[in-house]
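Number of protein chains: 2
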Amino acid sequence: MNHAVILLSGGLDSATVAAIARADGQELFALTIDYNQRHQVELDAARNVAQFLGIQNQIVLPVDLRLFGSSSLTDEIDVPKDVPKDQIGRSIPNTYVPARNTVFLSLALAYAETVGAREIYLGISAVDFSGYPDCRPEFLTAFEQLANAATKLGVETSGFRIHAPLLHWSKAKTIRRGLELGLDYGLTWTCYDPAPNGLSCGRCESCSLRLQGFREAGVSDPLIYEK
Amino acid sequence: MNHAVILLSGGLDSATVAAIARADGQELFALTIDYNQRHQVELDAARNVAQFLGIQNQIVLPVDLRLFGSSSLTDEIDVPKDVPKDQIGRSIPNTYVPARNTVFLSLALAYAETVGAREIYLGISAVDFSGYPDCRPEFLTAFEQLANAATKLGVETSGFRIHAPLLHWSKAKTIRRGLELGLDYGLTWTCYDPAPNGLSCGRCESCSLRLQGFREAGVSDPLIYEK
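Residue numbers (our numbering), protein chains in the order written: chain A, 317 to 543; chain B, 317 to 543.
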């Protein structure tokens, strides 16, 4: 079996990618970043998804991106609610965390080199979040080139590959593929701004995209929402 | 004044680069990574150098790279001593931390975007550490391309620049430049494996390169060594 690192957040996308990588025959090493996101419930979801998929190796690494501020995912900035559907993903939203995917992929690269893995999987999508610069194919290509210049393993083999299978998939397609692979989406977490009672809000950009995806896939979301 | 981020480790090289960047007229934002290096005294050195240079903004960010293991800088692996001088820098040494400079530059990029800086300075050298893949010009070029693809500021301006002024300098040249700029090298720290009494060992690869640099520069090192 090949070794592969998966950036596993506990969200719907990275859980689906983990299931895809497993179906590809990869032995997975999961890296979950605890960046003091406002929604700590994501970390529990990441652990539950790893267990569900039989992933033996998981590191939960604290990196306090709050120190850098300026995102509604880590600061006390209001998460936008009820954004008109045609506006979602059209500009860089205030949930953007500066250089987040660069930091995460760099840590995944360090983990990969340590365990002798040359495959790195992550669940970014250029469809849902076209406004995030680090969710675009150009970003992935640039990172792959960097990985092969930056590491002992990369220089010796030119073999690092970044896999983002969802890059051009709709959320509905992602959900259908995950269900085919037997994934339990009730274990995942999506909401950027849970209600005080702990339920998903159903109204933030992230919830809206998820709910729309389930509607388009023609299946019901196993999560319970505040409204 | 331009804003610039400096990766400040407390070592001789990054202290010199900070002095150079200050002389360039940059307003500096220092990022010091606490990666549970065995030599915690480095962090004190980084704080002292920042204070000496009048740097107002410094973040000390914990990132526990020990989780990834496999380097003598973070593990209980013996640091090599008394390496023959002609062997230094010829292969990838066991002090190599997987993807370290990639992780550090990614965090610097996050900090830079947060404070609106497009200049990032770091003290790597292709002369002293040619064996480290992430101390080569190819690595810096690849990272600059990544930075301009990965961030809002980079996409909007294509303006990120990575400055590694020491890249082709000998240690002696670095020391002479730092002394011209009034730097106090007694505040810096270099040793990979300090003696139990807290003094620099004088025999590890890092100490050897430093001592050789001072000899070649024709000045005495203000640090006190075990032998």
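If you are wondering where the hints come from, they were derived from the structure by calculation, not from laboratory data. Please read these numbers as outputs of a predicted model, since none were measured by experiment. Do not take every clue at face value.
Since the list can't tell identical chains apart, any single copy or any two copies may satisfy a pair.
Okay, derived cross-link-like pairs now, SDA-like style, lysine to any residue, Cα gap no bigger than 25 Å in a straight line [unchecked claim]:
#, residue 1, residue 2
1, 468, 485
2, 468, 514
3, 468, 382
4, 543, 460
Status of the hints after comparison with the structure:
1. For the identical chains of this complex, residue 468 and residue 485 are inter-copy neighbours only, at 23 Å across copies versus 33 Å inside a copy, given an alpha-carbon limit of 25 Å.
2. Proximity of residue 468 and residue 514 under a CA criterion of 25 Å is satisfied in neither setting, with 45 Å inside one chain copy and 32 Å between copies.
3. In the homo-oligomer, the alpha carbons of residue 468 and residue 382 lie at most 25 Å apart only across protomers (18 Å), although the nearest pairing inside one protomer, at 31 Å, exceeds that limit.
4. Taking CA atoms no more than 25 Å apart as the test, residue 543 paired with residue 460 passes in neither setting, with 41 Å inside one copy and 45 Å between copies.
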